[in-house]
Amino acid sequence: MENLEKKIQEADSLEALEKVRIEIFGKKGVLSAEFAKLKDIPASEKKEFAAGLNRKKAQLLDIFNSRHEILAQEALHKQLKSEDFDLSLYSFNSQKGALHPVRETMDKIIDYFVALNFAVESGPMAEDDFHNFEALNLPKNHPARDMQDTFYFADGKLLRTHTSPVQIRTMLKEEPPIRIIAPGAVFRRDYDLTHTPMFHQVEGLVVEKGHKVSFANLKWILTDFLHEMFGEVDVRFRPSFFPFTEPSAEVDISCIFCKGSGCRVCSHTGWLEVLGCGVVDPNVFEAVGYKDVSGYAFGLGVERFAMLLHQIPDLRSLFEGDIRLLEQFR
Amino acid sequence: MIVTRGWLEEFIKLDDVTDEQLYMIFNRIGLEVDSIHKHDFDKNVVVGRVLHCQKHPNADKLNLCSVDVGEDEPLQIVCGASNVVNAEYVAVAKVGATLPGDFHIKPAKLRGVDSFGMICSAKEIGLPDIGKGIMILDDSIGELIVGKPLREYSDLADTVIELELTANRGDCLSIRGVARDLSASLNRELKRHEHQKKKYQQTGIGRELEVHTQGDIPVKLLYTLLKLKEAEVPFIMALRLGFVGKESNNGIISASIDYSIHATGVILRAYDVARLKDSNGKISINILQESKGVVKVFCDNKELSCVGVYQNSEYMVDHDITDVLVEASYIDPELLVDAVSKNRLKTDSLYYNSSRGSEPELNIGIEYFESSCDCAGECRFANAPLSVENRVEPKIISVETEHLNSIIGKEVSRSTIHTILKRLGFGINRSGTPGRFGAVVPSWRHDISNIYDIAEEILRIVGIDNIEPKPLELIEKNRLNDTTKAYRAKRDIRQRAVSAGFYEAITYAFSDRKKQSRYGYGETDANVELINPIVEELNTMRRTLLINLLDSVSRNISYGKKRVPLFEIGMVFDKERNESEKIAFVWSGDAKDAQVSNQGKPKKIDFVEFIEKIGNVIGDFELRNWNPGNELLHPYQSAKIYKDGKEIGFCGKLHPKAQEDFDIDTTMVCEISLESIMPKHNIASSISNYQGVYKDLSLLIDKETEYSDIRAVLKDANIPLLKKFFPIDIYSDDSLGDKMSLTLRFYLLSEKSTLSDKQIEQSMSDILKLLQDRVGAILR
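Listed in order, the protein sequences are those of chains D and W.
Numbered per the numbering used here, the first sequence finishes at 354, counting up by one with no gaps.
Numbered per the numbering used here, the second sequence finishes at 783, counting up by one with no gaps.
Any given hint could be a false lead.
[As the list claims (entries may be wrong)] Below, a list of computed lysine to any residue pairs in the SDA-like style, where the Cα atoms sit at most 25 Å apart:
| id | chain 1 | residue 1 | chain 2 | residue 2 |
| --- | --- | --- | --- | --- |
| 1 | W | 606 | D | 341 |
| 2 | W | 473 | D | 140 |
| 3 | W | 493 | D | 346 |
| 4 | D | 197 | W | 488 |
| 5 | W | 606 | D | 131 |
| 6 | D | 181 | W | 38 |
| 7 | W | 518 | D | 114 |
| 8 | W | 480 | D | 131 |
[Said to hold, decoys possible] Looking from chain D toward chain W, a few residues come up when the C-beta cut is under 7 Å (computed):
| id | residue |
| --- | --- |
| 9 | 64 |
| 10 | 65 |
| 11 | 141 |
| 12 | 178 |
| 13 | 235 |
| 14 | 264 |
[As the list claims (entries may be wrong)] Incomplete in silico selection of chain W near chain D, CB under 8 Å:
| id | residue |
| --- | --- |
| 15 | 172 |
| 16 | 189 |
| 17 | 513 |
| 18 | 574 |
| 19 | 602 |
Derived from the structure by calculation, the hints contain no laboratory data.
It should be emphasised that the depicted structure is a prediction, and the values quoted were computed from it without experimental measurement.
Built from N, CA and C at the ideal position, the CB exists for glycine as well.
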């Protein structure tokens, strides 16, 4: 009886413990044998003997249970250990692709304006002179046409030099109030480090009946828009000239790289030019047959926004499908 | 347009305005500052007076000079410039001075002779290069005081500002024009350029010059005669011409003309009198309009010039000529530009000014010219210039103050509006109606034609900074139009393509005609072809997105990428240049990146894996085998893609020849019409409450039989309980000969009841019979 405890304690596996269990608690085990002695014991001692034996049994069960617990833990641990697997080997980059930063930037711009109740509009890339120039107050020989070197087709059509013809198309098919943006590719015959023959613009146009729309409205929305895009920047409006708006302005933000103190990106001016805008010129309204209306328009280059927002140094890399660039946007 | 502060000050008081303020004002009023540079010099660079000059004892080309710099003793300075011999006042960098380029002046020994300083050229002290040798000063910059630092002469230490003018502001292509804009912004007077003519002998012009016109001449012209003796280009004229990037070495007349044009904006031309005089010593000028806007000036039969366009070089004034006929001219730029374009006239450098609107106040130009010649030497002027003028009534714009303010979005008072317009040269006609006035447009503002133009003037002078931004109140309107919806759907498609592993690319909408032809895309019709492409490789509009994408693949491979999955959504153009939007996918090289799970040896992309990825983007589709018969796609691994029974695009493996051309690995491509994969509205059908069963059939069929035929047969048969079927295995070996084994799985379901064994058996036997009859299938 004495070494029973020891036997339990020394069982070193669940299997060994099971053997010990059978040896002690089994039908033919040690305890059963002890209880069998009861019948030979005088009645007067019986009660005490039985009580002693039950105590002993309970004691042994306790020891057994705790031993079982320990061994079961060990066994589980062993099993888990055997399934050891270095997951850190698999912390690779995902094999997901990525959106193009120019399109992603365009998405953001569109998000802003759609949230302000603008509709998205589109138009063809092969345009005619009327929609691209004439109706936008850019008659033939206008000096401002020099600013836009144009691709022409044999039949006299051209590749749109800006998204502004979409303004004209929209006004010709709808009545005010108009509130649209027109994102899309535009084309100019210019190809060097800072110019590509195709790039993207987003154009905006708002027209209301009567003398309702003012330059102050334009200032509000563009200031808010630029804060949405670039965060806490200073916004500066400079009077400028576009044939289709009057008054016109160019809009700068304080340089997001040097915070306005002057650096290479902003040519040491502290400012970055990001937008052109103005109150719609009455000649444009006349060209589409609108009377007694007022409106504003604006336009921006998406590549410029994308390059500033993501600090992309090379414009041309945006048109090369270069995965070294694209995979940074996963 | 380059201006200098000193030059501007001839026309407007600026002494209380800092450079910083000038910079701000220019930007604020719409004259964008490109650059601003204040010239400054070391305090040890001073005015010196050359007392005498002799040859260096040991060097032929060096001079030994004694120069007074206002100190006790004159300095001995060795100078290499040949023009020092004639110099009196010069710029001297004394010992201790530092010149641009961190050049320190120290006592030196030159060929054995001590030299204590340097006589400087303009370039050496950071000024523009204005002629050979050292810079010779004269009192045109103020009284020359020996020893006085150069930095104290404001015309030398001037601030040079380069403005980027917009195309409409021809009126600011002169110093005076810019000053005029400043005068409105600063609300101060524009000075009239003051010059007391020294009143040398004046000649009566009528005795020497006659001007005749024929018919209506839509220009302004002013002529005068000038004789000049012993004149030299004053230092300040050379310096300022240098500041604005112009030459001053072609003689006094040429320099004065350029100087006066830049100062006043009036187009001036000078003619050599000697070559114009007839036998009686008279000049007879004839002016006529050849065609609309083409106004030519003749002397006898000699064509002298075309107004605003060019001048005949034969009668130009060259270096030594000092007896000249001077012409000032103005022509309406709109008239001019159309005429030049229509007649394809050759233009000279002044055309830029005349086509953008030169200064029409011609007498200002002539007066400025005379005064600058007068400063240069002994002059004799004609008493009064002869003028030809086409009187044009000034434009008057009716302005309603309230409308004007509604354009700007701020209440600008009537008096402020009037003050600004007057400073800009407008006249104000008060009308009887309250809140309304007439703005008389000055002749030099051809760009102003309506109230919006007036609003722009007010806005820029008031300053956009002073306009309070106001949100526009708008009426609610549903603006979720088709384009907006399509845009959102496109965005979802792009996002799915990215999740399927593709990178989004943007390539040019152009392509290479030859290359497109090689891969089976015909040429664009000649009448809609691009006529002025920028480079050979981009000489036509793209017929497919794939070729540009394959070029991108090729570049990526050359950068060392092994796995190149790209997609693009973009416009392609057909033979007739009609536009349609497509989405294209390419996957080249490895199917996955090298990693532990593939022991660093990922397998190449194959058709099955590629098409699964496409499915993740576009949803269910059907493939029909297709031999494209070109060198872009593999003849036996290409298919047309169908969706809902309609052909929507194609996919396949790149042809080995194309693979070689682009120098890339195994590549899969696909191009689909974007419209065909836009989300559609679905209607749900009721779901059966009963269970369906799957049944397989293994069939022997001819090897040549295409699955798409079997599919068509089964679809057309419309077997009532057959809800779905699909292939699950194909097998062939030698024992099967010309046959192969195809296993199909069929899903049978009834909406009305649980299927009985009998129903199932009946359906399966119908199917088998159909396939036996129609495609010769045999049950295996």
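Checked hints:
no. : hint          : verdict
1   : W:606 / D:341 : violated, 29 Å
2   : W:473 / D:140 : holds, 14 Å
3   : W:493 / D:346 : holds, 22 Å
4   : D:197 / W:488 : holds, 19 Å
5   : W:606 / D:131 : violated, 35 Å
6   : D:181 / W:38  : violated, 39 Å
7   : W:518 / D:114 : violated, 43 Å
8   : W:480 / D:131 : holds, 22 Å
9   : 64            : violated, 69 Å
10  : 65            : violated, 69 Å
11  : 141           : holds, 6 Å
12  : 178           : holds, 5 Å
13  : 235           : holds, 4 Å
14  : 264           : holds, 6 Å
15  : 172           : holds, 7 Å
16  : 189           : violated, 16 Å
17  : 513           : holds, 7 Å
18  : 574           : holds, 6 Å
19  : 602           : violated, 12 Å
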